[in-house]
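Trainee: Sequence:
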Amino acid sequence: MANSGGSSSRSSASSRSRLPGEVASSPIPYREGPLEYWPAQMCKCGKKAARWISWSDENPGRRYLTCLRRRAGGCDFWVWFEGATTPFVKQLLVDLRDMVWRLRRERSELEDALGEARRELFVESSATVAELRAVKDELEAKKEEILVLSERVRKLEKERCMFAYAVAGCAAAAMYVRLWM
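Residue numbers (UniProt numbering): 1 to 181.
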């Protein structure tokens with residue numbers, strides 16, 4: 001069941017498809033937890049060893065057992081859980097792993113770009129809303145000015161009519177005075 005072998009781990013995964021500083025992660029979700037296998041294999045600490053999946057170029061998709069507390073003071077127990085794959089399957093798994101990592105990176109970049117576009121759209125729409133409010137306020141001011149001017153025109157029209165009647169009255173009076181005098 002378990003084969004002893006060299007050292008490989010999740011941290012030695014290929015860097016050719018990752019950017020510098022980018023953390024490697026499993027390209028697929030684990031179907032079961034690291035302790036959900038049977039029969040149990042014990043590490044040197046006397047505890048059930050954890051089963052992990054290697055995603056290195058040398059052993060892609062190959063499962064191995066190691067002490068669950070290896071990085072936190074556990075023992076140095078480490079063995080392959082199963083044998084190596086063929087060169088074809090190995091290369092296929094590496095290519096698929098790299099594609100998954102590339103697609104995840106692209107998705108992350110697209111999500112970042114979408115978030116930035118949304119922020120820009122929000123800023124632009126906020127500016128547009130503010131501009132629209134200013135135009136509405138200006139329109140309301142113009143409407144009030146039109147009402148004031150309309151009222152003034154109405155008063156001036158009334159005064160003009162009264163003035164025309166007064167002039168007509170004066171003209172009639174002047175003609176009357178001229179005729180009789």
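These aren't lab readings, by the way, just hints derived from the structure by calculation.
One or more of the hints may lead you astray.
Beta-carbon label-pair distances, calculated as ranges [claimed, not checked]:
#1 Val-123 with Leu-147: 30 to 40 angstroms
#2 Ala-164 with Lys-136: 38 to 48 angstroms
#3 Arg-105 with Leu-132: 53 to 63 angstroms
Once the Cα atoms are required to be at most 30 angstroms apart in a straight line, the calculated BS3-like pairs of lysine-lysine come out as [said to hold, decoys possible]:
#4 Lys-143 with Lys-158
#5 Lys-155 with Lys-143
#6 Lys-158 with Lys-142
#7 Lys-136 with Lys-155
#8 Lys-90 with Lys-155
#9 Lys-142 with Lys-155
Ideal Cβ positions, reconstructed from N, Cα and C, are used throughout, including at glycine.
Trainee: For every hint, state whether the structure bears it out.
Mentor: To see whether the hints hold, each was checked on the structure:
Judged by the Cβ atoms, the range 30 to 40 angstroms given for Val-123 and Leu-147 holds: they are separated by roughly 37 angstroms. For the hinted restraint 38 to 48 angstroms between Ala-164 and Lys-136, the CB-CB distance of approximately 41 angstroms keeps it satisfied. Our hint of 53 to 63 angstroms for Arg-105 and Leu-132 is violated, since their Cβ atoms are close to 40 angstroms apart. For the hint linking Lys-143 to Lys-158, the alpha-carbon distance of about 22 angstroms falls within 30 angstroms, and the restraint holds.
Straight-line distance between C-alpha atoms of Lys-155 and Lys-143 comes to about 18 angstroms, which keeps the hinted pair within the 30 angstroms bound. Only pairs whose Cα atoms come within 30 angstroms are accepted, and Lys-158 paired with Lys-142 is accepted, the gap being roughly 24 angstroms. A C-alpha spacing of about 29 angstroms is found between Lys-136 and Lys-155, which places the hinted pair at or below 30 angstroms, so the restraint holds. Taken as a hint, the Lys-90 and Lys-155 pair is broken in the structure, with Cα atoms around 96 angstroms apart against an allowance of 30 angstroms.
Proposed proximity of Lys-142 and Lys-155 is supported: the alpha carbons are some 20 angstroms apart, at most 30 angstroms.
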